[in-house]
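With numbering that gives the first Met the number 0 applied, the sequence shown corresponds to residues 0 to 315, in that order.
Please keep in mind that the hints were generated in silico from the structure rather than gathered at the bench. One should not assume that every hint holds.
When the alpha-carbon atoms are kept at most 20 angstroms apart in a straight line, the in silico EDC-like pairs for lysine to aspartate or glutamate are as follows [said to hold, decoys possible]:
hint, residue 1, residue 2
1, K271, E295
2, K271, D152
3, K271, E23
FRET-style restraints, in silico, Cβ to Cβ [what the hints assert, rightly or not]:
hint, residue 1, residue 2, range
4, R43, N291, 39 to 49 angstroms
5, P111, L211, 32 to 42 angstroms
6, A222, D119, 35 to 45 angstroms
7, D89, L202, 41 to 51 angstroms
8, R56, E236, 29 to 39 angstroms
9, Q287, T18, 36 to 46 angstroms
10, D79, D137, 18 to 28 angstroms
11, V186, A69, 32 to 42 angstroms
12, L211, D79, 47 to 57 angstroms
Positions of the beta carbon are idealized from the N, C-alpha and C atoms, including for glycine.
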Amino acid sequence: MAEELDLNLLRVFDALMDTGSVAEAAVRLHLSAPATSRALSRLRRAMNDPILVRAGRGLVPTPYAQHSAATVKALLTAADGLRADPADSDPSSWQRTFAIRLNDALTPVIAPRLTRRIADEAPGVRLRFVRQAAKDGDLLRDGSIDLDIGVADPAPPDIHTSTLFTDHFVAVVAAGSALARLPHLTVDDLCRHPHISASRRGLARGPLDDALERIGRSRRVAAVVPSYAVGALMALEHDLICLIPRVTAHHLIARGVPLHSHEVPFDLPTAKVELRWHRRVDNDPASQWLRNRLREAIHPLTHTPGGAGTATAGPA
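Could you build the full structure based on these sequences and the hints that come with them?
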């Protein structure tokens, strides 16, 4: 007889897909590892699929499990909505996880500030920050993520947006270096010293190279790294230059990282950082609460000298 598939099993499935580990899923579900393993066995019988299979020392989902993950998450979200108590508006009583997709420049800035604020007000809420591997809205649509933060193309009609702030790139160097003691960086300085290129796509060329090329100059890129945070840390070595968003530079310097930032002597493109969510959660109190707490967390960064451009007020 086939195993009956109920919501409790679907929650186990969702946790296993998110963590890829029986042990981690057990912690998330507040179950023992043996109980979670038994639940996985029941899932396999109910879904007629292995769900997770061994690959080296870890487990990987089957194609069927990958295909079903978004549907299961959407079902769980709908079920939670059906049993939600409208009177229960106190975040301190919530037991839930919010998934937030962030680009690599904003993760070291927003994640710690928002986590501290949420932990104080809602100790039962967990934040799961998701790497921005793509910019499409599908994960917002199917409920895999609750919020999307970053620079993106124009949004489709079902995705709501709010501009958080605009930002531009600055050059960071080691605070104790000769470059930090300069009153400003010149074109000659940019061309004389080696650069670190921070690019998720592994690109060594960017807008600065285009600006230099227009005046017949070029820079030397000594290394390419996958994130702005890594690039900033590499700039701690003397006489290396890395261009990173100004809000990231301000955050790291304010936190005591021994960096110094210089304005770049070119008019480089600015970036509009947006907050995005799906229209189905536009009036959801929990989603509104999270969006408001995020704006509060970044407000000091966008309204202080050295921070990003002024934040733009948007819908809750």
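Results for each hint:
1. K271 / E295: Roughly 18 angstroms between the alpha carbons, so the hint for K271 and E295 holds.
2. K271 / D152: This hinted pair holds, its Cα atoms lying about 10 angstroms apart.
3. K271 / E23: Since the Cα atoms of K271 and E23 sit roughly 36 angstroms apart, the hinted pair is violated (cutoff 20 angstroms).
4. R43 / N291: 39 to 49 angstroms: holds, 42 angstroms
5. P111 / L211: 32 to 42 angstroms: About 35 angstroms separates the Cβ atoms of P111 and L211, which means 32 to 42 angstroms holds.
6. A222 / D119: 35 to 45 angstroms: holds, 39 angstroms
7. D89 / L202: 41 to 51 angstroms: holds, 47 angstroms
8. R56 / E236: 29 to 39 angstroms: holds, 35 angstroms
9. Q287 / T18: 36 to 46 angstroms: violated, 28 angstroms
10. D79 / D137: 18 to 28 angstroms: holds, 20 angstroms
11. V186 / A69: 32 to 42 angstroms: About 49 angstroms separates the Cβ atoms of V186 and A69, which means 32 to 42 angstroms is violated.
12. L211 / D79: 47 to 57 angstroms: The hint (47 to 57 angstroms, Cβ to Cβ) holds, given that L211 and D79 are roughly 53 angstroms apart.
Taken one by one, the earlier hints fail for this structure at numbers 3, 9, 11, listed in ascending order.
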